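These protein sequence lines map, in sequence, to chains Z and S.
For what it's worth, my numbering labels the leading residue of the first sequence as 3, then goes sequentially.
For what it's worth, my numbering labels the leading residue of the second sequence as 10, then goes sequentially.
If you are wondering where the hints come from, they were derived from the structure by calculation, not from laboratory data.
No experiment lies behind these values; they were computed from the predicted model shown.
Wrong hints could be hidden among the right ones.
To be verified - Pulled a few chain S residues facing chain Z out of the computed Cβ check, cut under 10 Å:
| # | residue |
| --- | --- |
| 1 | Thr-30 |
| 2 | Asp-32 |
| 3 | Glu-35 |
| 4 | Gly-37 |
| 5 | Lys-56 |
| 6 | Thr-65 |
| 7 | Phe-68 |
| 8 | Cys-69 |
| 9 | Gly-103 |
| 10 | Ser-108 |
| 11 | Gly-111 |
| 12 | Leu-115 |
| 13 | Gly-116 |
To be verified - Within a straight-line C-alpha distance of at most 25 Å, the following computed SDA-like cross-link-like pairs (lysine to any residue) qualify:
| # | chain 1 | residue 1 | chain 2 | residue 2 |
| --- | --- | --- | --- | --- |
| 14 | Z | Lys-19 | Z | Lys-424 |
| 15 | Z | Lys-144 | S | Phe-98 |
| 16 | Z | Lys-220 | S | Pro-101 |
| 17 | Z | Lys-275 | S | Gly-89 |
Glycine included, every Cβ here is placed at the ideal spot set by N, Cα and C.
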Amino acid sequence: MLGGPFNSELIKTTSYKVILPFYIYGAVSFLVATIMLLASNQDFTGHYFNPHILAVTHTMALGWGTMIILGASHQLVPVLIEGRLYSEKLAMYTFYLAAIGIPVLVYAFYVFNMGPIAKWGGRFVVIAVLLYLINIAKSIDKSQHTNVHAVFVLGAVIWLFLTVLVGLALVYNFTYLLLPKDHLHYLYFHAHLGIIGWFLLLVIGVGSRLIPMFMISKYTNTRLLWTIFVLINLALLFFVAFFYWMETLIGLTFIPVLFILTAIILFGFYCFKAYQQRLRKQIDDQVKISLLAVAMLMLPIIMLITVISLLITVTDQETNLILTYGFLVFFGWLTAIILGMTFKTLPFIVWNKVYHKKSSLGKTPNPKDLIHPGVFKIMAVAYLLGLVLFSTGIILLSSMLLKTGAVCMLLTAVLYNFNVFKVINHKAVTI
Amino acid sequence: MNNIETNNATKCDQACISLKTVDDPEIGLNVVDLGLIYALDFDENNKMVQCTMTLTTTFCPMGESITSNVMMALEMSFPGYEIDVHLVFDPPWGFHMISEEGRIFLGR
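Whenever a hint applies, use it, and build me the whole structure from the sequences.
So, in structure tokens, the structure goes:
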């Protein structure tokens, strides 16, 4: 009945030395982004093409979202593809290049110096993503068990690479006028390649494996996941195709949006079925926040449909609605999923480091015990409050709501960092 | 009870008591009730214990910790014996391998 040789290679996972720097960088970036949000909250009553808003957005998208996802994915890709990460060295180079490029780029946006500073920042980020793409593609190529989750990840990384390439072209466009159309036109294109192609595709690919795993759910539905994958990629391809005619045929934008909406509803259905068929009855707070983030995906989509409808029916651009949409994507959905998943993945990485070969110590804490649960709960409340207040502030153009919302977001980041550093500095204890 | 294949039921029970102190840290359930232990073979002549076990997934991030803790638990339970932890993924682990006690624990 039992077969197969022992193979220690099958249990070797990516070293914590590779992964922890990404998490630390992400946590500090979130803090920096919320400080910038507080400092420039009044800019959110104006147009979204604003140096401070661009700086906050790129700190959130690259420093926070992308760096945490890169860190987690270096650990999770081996689980998804049932094979080892191709190169830990390449992962470290990805970190160093991104760690240098991101603050340089953000600084350039903040002071709006689109000359050599922004170009160097952009170049570093593009090379970092290229190395990451090579690492993931080689890992999948070497693995014997490519599956739908791995394809989601590879697809997401290819879209990320295209996103940063378009971003770099936009930076160059300030000095060389490379692009034939209006700059804002490409900004919209760049943003959605990143949001849908990178973040959404990756979160669904990884989440569809992790959420059932964390709930110990029997539910699997590969066909449904393939459908979601095709819908999202078709939406992106339609989006690229319509891009050139968008100014005259804005109504066509509804087609990819409806594809995305269907994909999100199907993913929500997938999570619901996984929840229904779970063996583990008690769901911890981290998974609850991640499930909430899946539901929260509907908010930016509703906002996007509203914006497109208004763009068709009224001539003035509803900039505050566009800003709300962007805020709900980066501070809403993306942040919620990271707040939950950080404390589901990071404690395991640190626990493995600290308690590896420590059973002789006696009963040791569980990974979930490494965080302060009270601080986590206050963080969750501050976050939800900050999200509601700030987004309402953008819609109502209320400086008081913007300020209060920004303070709540800053508090969220401080409490998040408290727990991240508490976990990272954990020393072996017995209970 | 768990379906652990063994050539020595008494020693297997003794090993299980020790192995029940080794938890899968994510699930919080011990490796015996989780159904990760497939077989425990005892060779009295050569003073050897061979534990055949699996993990819930290949490249499980906690895999090294779990297998080394299984080895140490057996070393403490059978001093002077050589311990061999044999990791297999065939048959792959499935939910049906969780014991009744494990299901009660998860359903709380």
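Consistency of the hints with the structure:
no.	hint	in the structure
1	Thr-30	holds, 7 Å
2	Asp-32	holds, 7 Å
3	Glu-35	holds, 7 Å
4	Gly-37	holds, 6 Å
5	Lys-56	violated, 20 Å
6	Thr-65	holds, 8 Å
7	Phe-68	holds, 4 Å
8	Cys-69	holds, 7 Å
9	Gly-103	holds, 9 Å
10	Ser-108	violated, 12 Å
11	Gly-111	holds, 9 Å
12	Leu-115	holds, 5 Å
13	Gly-116	holds, 5 Å
14	Z/Lys-19 - Z/Lys-424	holds, 17 Å
15	Z/Lys-144 - S/Phe-98	holds, 19 Å
16	Z/Lys-220 - S/Pro-101	holds, 14 Å
17	Z/Lys-275 - S/Gly-89	violated, 50 Å
Violated hints for the displayed structure, listed by number in ascending order: 5, 10, 17.
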